[in-house]
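Protein chains in written order, with numbering that gives the first Met the number 0: chain X, 0 to 331; chain W, 0 to 331; chain L, 0 to 331; chain H, 0 to 331.
Certain hints may be false.
Pairwise CB distance ranges (calculated) [what the hints assert, rightly or not]:
(1) L:PRO155 / X:SER70: 47 to 57 Å
(2) H:SER53 / W:GLN56: 38 to 48 Å
(3) H:PRO280 / W:THR73: 42 to 52 Å
(4) X:ALA132 / W:ALA135: 28 to 38 Å
(5) L:PHE273 / X:GLY140: 52 to 62 Å
(6) W:ALA135 / L:GLU329: 33 to 43 Å
(7) H:PRO155 / X:ALA200: 22 to 32 Å
(8) L:GLU321 / W:ALA135: 27 to 37 Å
(9) L:GLU76 / X:ALA262: 45 to 55 Å
(10) L:GLN263 / X:PRO280: 25 to 35 Å
(11) X:ALA262 / L:ARG320: 54 to 64 Å
(12) X:GLY140 / L:ILE279: 49 to 59 Å
(13) W:ASP35 / H:GLN40: 34 to 44 Å
Since the hints were derived computationally from the structure, they do not count as laboratory data.
If you're wondering where the values come from, they're calculated on a predicted model, not measured in any experiment.
Even glycine gets a Cβ: it sits at the ideal position worked out from N, Cα and C.
Protein chains: 4
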Amino acid sequence: MTSIAVLGTGRIGKMHAGLIARQVEGLELTAVYDIDSASSQAVADELGCERADSVAQILSSNVEAVAICSSTDTHVELTVAAAEAGKAIFLEKPVSLDLAQVDRAAAAVEAAGVPIHVGFNRRYDAAHAAVQAAVADGSLGDLHLLKITSRDPEPPPIDYIGVSGGMFIDMTIHDFDMARFVTGSEIVDVFTKAAVRVDPAIGDAGDVDTAIVVLTHESGCITTIDNSRQAVYGYDQRVEAFGAAGMAVSENPRSHTAEIHTAQGTRLENIPYFFLQRYIPSYVAAWQAFERGLATGVMPISLRDGRAPLVAGLAAWKSHREGRPVQMSEIG
Amino acid sequence: MTSIAVLGTGRIGKMHAGLIARQVEGLELTAVYDIDSASSQAVADELGCERADSVAQILSSNVEAVAICSSTDTHVELTVAAAEAGKAIFLEKPVSLDLAQVDRAAAAVEAAGVPIHVGFNRRYDAAHAAVQAAVADGSLGDLHLLKITSRDPEPPPIDYIGVSGGMFIDMTIHDFDMARFVTGSEIVDVFTKAAVRVDPAIGDAGDVDTAIVVLTHESGCITTIDNSRQAVYGYDQRVEAFGAAGMAVSENPRSHTAEIHTAQGTRLENIPYFFLQRYIPSYVAAWQAFERGLATGVMPISLRDGRAPLVAGLAAWKSHREGRPVQMSEIG
Amino acid sequence: MTSIAVLGTGRIGKMHAGLIARQVEGLELTAVYDIDSASSQAVADELGCERADSVAQILSSNVEAVAICSSTDTHVELTVAAAEAGKAIFLEKPVSLDLAQVDRAAAAVEAAGVPIHVGFNRRYDAAHAAVQAAVADGSLGDLHLLKITSRDPEPPPIDYIGVSGGMFIDMTIHDFDMARFVTGSEIVDVFTKAAVRVDPAIGDAGDVDTAIVVLTHESGCITTIDNSRQAVYGYDQRVEAFGAAGMAVSENPRSHTAEIHTAQGTRLENIPYFFLQRYIPSYVAAWQAFERGLATGVMPISLRDGRAPLVAGLAAWKSHREGRPVQMSEIG
Amino acid sequence: MTSIAVLGTGRIGKMHAGLIARQVEGLELTAVYDIDSASSQAVADELGCERADSVAQILSSNVEAVAICSSTDTHVELTVAAAEAGKAIFLEKPVSLDLAQVDRAAAAVEAAGVPIHVGFNRRYDAAHAAVQAAVADGSLGDLHLLKITSRDPEPPPIDYIGVSGGMFIDMTIHDFDMARFVTGSEIVDVFTKAAVRVDPAIGDAGDVDTAIVVLTHESGCITTIDNSRQAVYGYDQRVEAFGAAGMAVSENPRSHTAEIHTAQGTRLENIPYFFLQRYIPSYVAAWQAFERGLATGVMPISLRDGRAPLVAGLAAWKSHREGRPVQMSEIG
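This is chain X alone, in the form it adopts within the complex (with noise of 0.2 Å):
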């Protein structure tokens, strides 16, 4: 049993520390911190653990490891100091909307010789994942083509945008690893196509939030990545991977499967709204692979992991302003 602190309990730190506490064998969910303490204490009295005062109590304590879910311009603050302090990491993404950062964060973990996983939930969503296994086994033969879809059922609020680092670093973030994923093979190139589509306001705020993505990998294959801040008929998430010996798909799963035929037609309800209808079988399987990966020393999604997308996301920026296919070398 390995004891773990949650670090931010807003939506997504509050919905890890219940998975810990209640979904996941061999961790012990002990503490939380949040700066808003009202809300840490909600989820300590919920869940039946500790409040700490301060990340500093937590960090000083025995507790072998720390999940880092607080607001992004923190994590690499509270990366260092939990590697620092000894303890194992679990990180969300994006690690940060600064390269240099991320390396300042992957010199102290380096240097503190702790384990680390960046918490990119999709790999562990079992239709992605057999895709991924489809390519990786050689189903597929060598792969040629790599299609992800990637849309939000609605936009964040624009106050979020403004501090997300853009869509292409807040969404396509996803899809940049996914494609680093199933392909198993780096990314090259970027080229991107967008524009603002849902609401005026988004552009206001600097942002996109429809666009296509394209890339080359090392391999010769190439990924587009479509994305939508607003699909107005679910959280619409699909992958698939196109080879020289077939094609993997993975399609969304419906929110449930009744179908009612009748003179007019055939209704359907639609695929889930909200991402955690979708995805938090996904969370569960990333915090089983995170404990087998405390025992068997070797985490699967590792803090270059969580770089390479982030070099992406501003190589993506690059191509949107400058109207062309931008190097991943060009960015760092």
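Knowing the structure of chain X, use the given hints to seat chains W, L and H on it.
Chains W, L and H only, in chain X's frame:
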């Protein structure tokens, strides 16, 4: 190239004539006949073949085969005559409404030694055939259950119902054949639960329009058939075979594959409404089987295959009247 | 917040205790009891509640509700005692194997005036519920046919079969409830065709493992149920309602949505194998309904709803023995 | 009844002749011509029409319409000649590999005032057409993204590749047309990422076999096309339109609907392999549209619709060579 004439150019005969003339290699439509000479003339003109003035003219000609597509009450007479004239015979279902008449036809065919093929087209539907193949090749292990759904989009004219032999002989006969085909095992007993739910006029005509039929086979397999004269969403034809090692299902094809996803849900087109939309390829395949049967001397669907479903239909009526399972041996 | 204790911490009781403790707002798990105190201690430790030494200790405490999840032969005794103690009751199916006992429980509950909810969880499956809703809201018009498929992935231990009441009471009871739920109409008669096809040892234990059951409802709707103790491809649970204005179908959800297309064909993952993979959300929803029922005073699934499927199960056995349709009124 | 002659009886011309003769009401096939007189004689014999000795013989006859199905390099010459002879014209795609030639054909057709219909059959596929209809009728709101998948099951002969204009003009031309058809908006710029992944011999012939093409439309919609010359699982043709109010998808139909579920998983038949299995109904519908166009004087697919995809194809090649987005206005 085998020459063939079509007897009867009503809806189904006209269809067969067109398929022979245009879509079946190895058969040549040479003549058509119908008591309504305007009907046969129109078909002859459209398809570029001769219009015969009488059945006798066709049977005394050197045509090699005949397709008997006239009304059910003429089937046996024409079969006997065609057999005596030495013609190969394609016979539409049902052979007759009367078992003694079926036996008379069988005797004549046997005496003459002519090839005969009964037109249970659904055996040639690619999806149903794949279910049968999964049973026959052992993929499903011993067969435990078979479920057949067979629903028309709308009832036939009330006039027709009176001469049709009723639902169990007019409509369920296809399903009895399917049950024998998929299981590869004779029917032992029949239990029926039926009602008039669609249209009281059907009841007034002495028929039912909604039914469940349960069959036991020699192999121990239990089959259920569900029938309705009116599925407002389309022509619903499904087969499900369940065994010790798995299940094979033949679903309805879709009219087309477009899906519309909006905030109000997901909409699909209904399944095809008319039986020809669904089963034209199976009619063509049945003709190809007939043509191969002429070459090989082995016809896949014999008069015995035409007789057994009639016995089951009569047993179904008896079960309906008496409210108990009826043995096939009680009928004949 | 309503306090609740769980009686019986076997497989199903342990599951209920966990759901109450972790996933249902408004209920608080305060104690568990089992004759196997090691079992109840383990559950108490894991969920952070008290382990009671006896049922009496729980019934004499101020806990407001009890969940009766012990073996079937104890259900009525515990129901009567809980009612007399004034506790609200959640009762696992089947209520009993004996109708007189069910009536004794009903009398005690009525005398005490306590709320009781019988645990037919499948009514709360979102897809099945959508089928029921399509019937209830008139989308399908008058209901003509209902088809229920209910197949387990593998048989229970032979030891269990002997005390289970047999397939029609242990397993089909859920389907009888589903038939009453979806049609909204009482069952009038039952016809059964059943066999031992999966394992002769099941037959030696006096049970069957493969069955078709045909029901007639007061409304005129005809229902078929098909059951097997062993569907090697997974836990197969489907409902199809067919009426004058259309059809509603509840299909099996998929384990995940990946499809692999190669030159050899297309492969999908099988449906879930374990009933908990399929029905956990329905158990949670059943608890939420219980909690709402406490607030509103209206429990959706009464002891009368617990009784009717038992009558149908007994009728199914009688039909199986006698080879004829059996009226519900012959049973009680 | 409009008389029509077919020029060119290669694979596609023979198909058109057969469809006209057998499946299109209102058109009468009167003659066929091919430089290979054995080919045209065989078609004439099979379909019961005349074999012409020359194009001139046809154009000087009183036939009302011609279908130009000969090799691409003869299209413009024949179009000009047919226009000057006052014939209505059905013209196979692509019009030409050369824009100046397309313009010459257009000038001749305009001068003669004859009706002309370019054979982009896919517009008449029922599922693709339903996607277009959902866009056109506003069901999807403003269109944001369009995704077209178009993959052949296997490459054409290398000899053909050399005279085909390359993948973007031979194959993607259908997708450029689909993009214009579904969006109802002209293409503004084209970005291509392409490679040789299927067969190095294709690269040696100066062509590519795998590509992503990104289009921007005047409306602001962004389209992606993904092409491969070899999808081993079949002829993969899909369209997905995404807008402010929803998504419409046209999926691949299945070859047949049987599913086999065993302990090893679920198996489906692959999608159709040959383009005719998929698109015969769309060819028939295109002919019906031609026949209606003769009656109404409005042809749905004009020479301008034939020209725009060629410009896009040339822009795609330029983008491929130069590694940058290319404006349509750079081409002509």
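We went through each hint and held it up to the structure:
At roughly 52 Å, the beta carbons of L:PRO155 and X:SER70 sit within the given window of 47 to 57 Å. Checked against the hint of 38 to 48 Å, the C-beta distance between H:SER53 and W:GLN56 comes to roughly 44 Å, which is consistent with it. At roughly 35 Å, the beta-carbon separation of H:PRO280 and W:THR73 lies outside the given 42 to 52 Å, and the hint is violated. In this structure the hint that X:ALA132 and W:ALA135 lie 28 to 38 Å apart at CB holds, the actual value being about 33 Å.
A beta carbon spacing of about 34 Å between L:PHE273 and X:GLY140 contradicts the range 52 to 62 Å that was offered as a hint. Taking the beta carbon of each, W:ALA135 and L:GLU329 are about 42 Å apart, inside 33 to 43 Å as hinted. Between H:PRO155 and X:ALA200, the C-beta spacing of about 50 Å breaks the proposed range 22 to 32 Å. About 35 Å separates the C-beta atoms of L:GLU321 and W:ALA135, a value consistent with the hinted range of 27 to 37 Å.
Checking the proposed 45 to 55 Å range against L:GLU76 and X:ALA262 shows it holds: the Cβ atoms sit about 53 Å from each other. Taken as a hint, the range 25 to 35 Å holds for the pair L:GLN263 and X:PRO280, whose Cβ atoms sit roughly 29 Å apart. In this structure the supplied range 54 to 64 Å is violated for X:ALA262 paired with L:ARG320, their Cβ-Cβ distance being about 44 Å. Range check, X:GLY140 to L:ILE279: Cβ separation about 38 Å, and the 49 to 59 Å hint is violated.
Checking the proposed 34 to 44 Å range against W:ASP35 and H:GLN40 shows it holds: the Cβ atoms sit about 38 Å from each other.
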